[in-house]
Amino acid sequence: MSDNSANRRFERESAKRVFAAELREAHHHFREGTDDKSPTYILLPTGERCNRVFIAGTLTEKKKSEGEAVFYQIRVMDPTGIFFVSAGSYQPEALHQISSIESPSYVVIIGKPGVFQAPDGRNLVSVRAESITAVDKSVVDCWILDTARLTLDRIEKNTDDPDHQKAAEVYQRPFESWRSKVKEALASIQL
Amino acid sequence: MELKEIADRISEKFAAAGHPIDRAKLEEKINRFVEEFSVPPAEAERSIIGDYARQFGMELPSAGPSKQDADSVIPISEIQAEQWVTVEGQIVTLIPSRSPSVAQSGVIMDSSGTMRFTVWAKANAPVMEQGKWYRIESAVADEYNGQVSLKVHSGTTITELAPDSVPEPVITPISEIKPKQWISVEGEVTTIFPPRSPSIAQSGIFADNSGTIRFTVWASANAPLLEQGHWYRLDLVESDEFNGQLSIKVHSGTKITPISRDEMPDIEKTPVGELSPGVALVEGKVVAIEKQSSDQILQRGVFADDSGAVRFIIRNSPGAEPLMENQWYAIKGAVVDRYRGAFSMQINPGTATPLLEDRSIRPNIIPVAQAGPGIVCLRVKLVQEYESTSERIFQSGLLGDESGTIRFVTWKDDMAQRLVPDMVYGIYYASVDEFNGRLSVTLNGATLLPDEGATIQVRSPNEEVKGAFVHLSPGSGLIKRCPVEGCGRVLSRQNYCPIHEIQPNYIYDLRVKGWLDDGQKTYDTIISREGVEELTGLNLITAQEMAENNPLGLDTVFYHVNEQILGRYLICRGRVFDNRLVAYNCEFQTFDAGMLAELMNRAEGGSHE
Chain H
1 MSDNSANRRF ERESAKRVFA AELREAHHHF REGTDDKSPT YILLPTGERC NRVFIAGTLT
61 EKKKSEGEAV FYQIRVMDPT GIFFVSAGSY QPEALHQISS IESPSYVVII GKPGVFQAPD
121 GRNLVSVRAE SITAVDKSVV DCWILDTARL TLDRIEKNTD DPDHQKAAEV YQRPFESWRS
181 KVKEALASIQ L
Chain U
1 MELKEIADRI SEKFAAAGHP IDRAKLEEKI NRFVEEFSVP PAEAERSIIG DYARQFGMEL
61 PSAGPSKQDA DSVIPISEIQ AEQWVTVEGQ IVTLIPSRSP SVAQSGVIMD SSGTMRFTVW
121 AKANAPVMEQ GKWYRIESAV ADEYNGQVSL KVHSGTTITE LAPDSVPEPV ITPISEIKPK
181 QWISVEGEVT TIFPPRSPSI AQSGIFADNS GTIRFTVWAS ANAPLLEQGH WYRLDLVESD
241 EFNGQLSIKV HSGTKITPIS RDEMPDIEKT PVGELSPGVA LVEGKVVAIE KQSSDQILQR
301 GVFADDSGAV RFIIRNSPGA EPLMENQWYA IKGAVVDRYR GAFSMQINPG TATPLLEDRS
361 IRPNIIPVAQ AGPGIVCLRV KLVQEYESTS ERIFQSGLLG DESGTIRFVT WKDDMAQRLV
421 PDMVYGIYYA SVDEFNGRLS VTLNGATLLP DEGATIQVRS PNEEVKGAFV HLSPGSGLIK
481 RCPVEGCGRV LSRQNYCPIH EIQPNYIYDL RVKGWLDDGQ KTYDTIISRE GVEELTGLNL
541 ITAQEMAENN PLGLDTVFYH VNEQILGRYL ICRGRVFDNR LVAYNCEFQT FDAGMLAELM
601 NRAEGGSHE
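Residue numbers (my numbering), protein chains in the order written: chain H, 1 to 191; chain U, 1 to 609.
I should point out that these hints are in silico values taken from the structure, not numbers from a laboratory.
Don't be surprised by glycine CBs; every beta carbon is placed ideally from N, CA and C.
Some hints could be false.
Stated by the list, open to error - Just so you have them, the derived chain H footprint on chain U, three or more residues with Cβ under 8 Å:
(1) 176-183
(2) 464-471
(3) 515-524
(4) 599-605
Stated by the list, open to error - Pairs of lysine to any residue, SDA-like flavour, derived with a Cα cap of 20 Å:
(5) H:Lys137 x U:Asn31
(6) H:Lys183 x U:Ala593
(7) H:Lys157 x U:Gly372
(8) H:Lys63 x U:Gly57
(9) H:Lys166 x U:Gln147
(10) U:Lys4 x U:Glu28
(11) U:Lys513 x U:Arg580
(12) U:Lys178 x U:Asn243
(13) U:Lys513 x U:Gln564
(14) U:Lys466 x H:Ser138
(15) U:Lys178 x U:Gly113
(16) H:Lys183 x U:Glu176
(17) H:Lys183 x U:Ala81
(18) U:Lys332 x U:Lys255
(19) U:Lys255 x U:Trp133
(20) U:Lys255 x U:Gly372
(21) U:Lys4 x U:Ile21
(22) U:Lys4 x U:Arg32
(23) U:Lys269 x U:Gly350
(24) H:Lys183 x H:Glu169
(25) H:Lys137 x U:Glu36
(26) H:Lys157 x U:Arg602
(27) H:Lys137 x U:Glu563
(28) U:Lys178 x H:Glu184
(29) H:Lys64 x U:Ile49
(30) H:Lys157 x U:Lys521
(31) U:Lys4 x U:Glu43
(32) U:Lys513 x U:Phe588
(33) U:Lys513 x U:Ala454
(34) H:Lys183 x U:Met595
Stated by the list, open to error - For each label pair, taking beta carbons as the anchor points, the in silico distance ranges come out as:
(35) U:Ser440 x H:Glu11: 20 to 28 Å
(36) H:Ser99 x U:Asp555: 12 to 20 Å
(37) H:Ser99 x U:Ala121: 22 to 30 Å
All chains should be built: construct the whole structure from the sequences, respecting the hints.
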């Protein structure tokens, strides 16, 4: 990094809104720059890099690790699928919050996604929670609208954006095919 | 009832393992998942079994995927992986087999959609022909890379459908084309691009009155050459998408039928304000002509009627003639396109007919807040003038009306006219462009009429940011400020001001510092006391009481605020500089049913704007 980096204003990565069905298909990850502290990203199948996510849904299962270090694994369900979320001692805020949330509850989570290789060779996307909050159903519904809008924006993005091109190359799946997941999610909202 | 069955299954399972479960508790649990939280029953069952299994220290058996049989014909679009299905469809393309174990592969289509299929050599199936319709019974759908395809194996029966049971092809309006369809279209070849590759015979733009689309004719199609300005019907073209742009492909299976002038579908007259991409018939007046800008372009200007205005362009092609300013014309077959969010209308040779009468025209004046890229008429006053940042700028600043404000710029030229502060102007046929997500109106070429004596109350240029509150930073909640006049800095825990040192007679204040995130951009946000009060219901007094009556002191207020706003959707109004937001007025976003309807429509439609 250059010397004036300390003077540059800190820009926080925006938290991407993504449905479970899309996040679980993501497997391409990369690092921007060569520095140890350079951010890592995963590439969403609809063509946007993502270093942080904002997700919501119903917490359906909560597992506490048996070992010495406290570690939680939770499942959070949105209308399209399941998010795998974890929090350990490096996420004290989330750890503290999870301990007092029971399943089932509506939650929103801010966290960093990572791609892991399961023993059978499959890729698993899991989100390391920075914070998790129990909320009303209406917040989850707002999130579904927000995520539907931003997912459609990504699907319809009509540019030479390098992330979009890379995603087309890596995932070999038409962007338009994600439209049905958006429809599914919107249809799940009960007025 | 299904829930009862789940309860039965779960209690039997654990009873068999020697762990009886309290039935009432179990049912209440299932109910809570399924009824209250709308968790699908299968996921609820999984989750509850997991909970009990962990409680009893049992290993979890993993469940296999369930199989479904189907004898009746299923629409192709509804096929899911891991299903046995029967379909009826047309073979729209055959792909040469790359493996001896595959007899045939290609794409099959019905009215609902298309799907790849593979016929295994071992299936000993009859050979299917491109373009013909078949019934395929008991094929297997499976999934690879998120794409479902159909496998024909030895248990599958294939029968050709009788011609009378084959549905008639339907013409798809261009605006309704979605990718990966095999369709029939009817329209005009409005543009032919120069040839680029030996594998492509022709490419260009195809339009009907609903929209425009790129087309490609493969060299392998051996198709007759399409001519610009002619109408055609194309049966069995494939739609495709690349980088969000749709196109149609003419291949060897496509049938091309020229349509003569008299068979051409009638196009209704479209008001200028309602134009959308495609071919249109419009009537209007040439209200402005721009200066010559390039060799390829004969003329540019603005075309208007009572409903609105649009930029037009005439290319320098053989037979092209310029239009006269202030003359009315009927344009038959104007090709409307969208460029940088604004519409533009291309007028081809021989399509413009002068109209004799000069009708009066009432420009359609719109509120600033409704202005988008394109040509607009506004009634505004000069709110603020910016210092010029470039030699080429004559004047720039902010215009406003009751609905909001918009930037403007006037470039230096001999016609440039300077606006006077606080004077109300009627601005006719100015063009609005978008730069970096910000609208800006260019006044060159527009007509500016001052309206002396008129006044306008301009809406304050408050900006609104909607987003999720994703992080609450330290220094939020109840804070202490330095009491020295004109300072007001936030004191440390030890009541230390970085300038005025220890200040025991501090002043309390409420604020929120943190990050508001709209999914694209993250705002370094400060919410002032008024905003915090609106969001949390706290005020200075109650917050102080809370801090004083609690061992955690000021931190209590911090946690209280955190609990109420973290992860919530907020609407914040205030001032934005780059990525900083100072908000004075905030509220929680509520569920917007109108937005739901709008998004449903948007999700339904193709990528055409």
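For each hint, the structure was consulted:
no., hint, result
1, 176-183, "holds (count 3)"
2, 464-471, "holds (count 3)"
3, 515-524, "holds (count 8)"
4, 599-605, "holds (count 5)"
5, H:Lys137 x U:Asn31, "17 Å, holds"
6, H:Lys183 x U:Ala593, "15 Å, holds"
7, H:Lys157 x U:Gly372, "19 Å, holds"
8, H:Lys63 x U:Gly57, "13 Å, holds"
9, H:Lys166 x U:Gln147, "19 Å, holds"
10, U:Lys4 x U:Glu28, "11 Å, holds"
11, U:Lys513 x U:Arg580, "11 Å, holds"
12, U:Lys178 x U:Asn243, "14 Å, holds"
13, U:Lys513 x U:Gln564, "14 Å, holds"
14, U:Lys466 x H:Ser138, "16 Å, holds"
15, U:Lys178 x U:Gly113, "10 Å, holds"
16, H:Lys183 x U:Glu176, "17 Å, holds"
17, H:Lys183 x U:Ala81, "19 Å, holds"
18, U:Lys332 x U:Lys255, "27 Å, violated"
19, U:Lys255 x U:Trp133, "17 Å, holds"
20, U:Lys255 x U:Gly372, "41 Å, violated"
21, U:Lys4 x U:Ile21, "14 Å, holds"
22, U:Lys4 x U:Arg32, "13 Å, holds"
23, U:Lys269 x U:Gly350, "18 Å, holds"
24, H:Lys183 x H:Glu169, "25 Å, violated"
25, H:Lys137 x U:Glu36, "10 Å, holds"
26, H:Lys157 x U:Arg602, "14 Å, holds"
27, H:Lys137 x U:Glu563, "16 Å, holds"
28, U:Lys178 x H:Glu184, "18 Å, holds"
29, H:Lys64 x U:Ile49, "16 Å, holds"
30, H:Lys157 x U:Lys521, "16 Å, holds"
31, U:Lys4 x U:Glu43, "15 Å, holds"
32, U:Lys513 x U:Phe588, "17 Å, holds"
33, U:Lys513 x U:Ala454, "43 Å, violated"
34, H:Lys183 x U:Met595, "13 Å, holds"
35, U:Ser440 x H:Glu11: 20 to 28 Å, "25 Å, holds"
36, H:Ser99 x U:Asp555: 12 to 20 Å, "18 Å, holds"
37, H:Ser99 x U:Ala121: 22 to 30 Å, "59 Å, violated"
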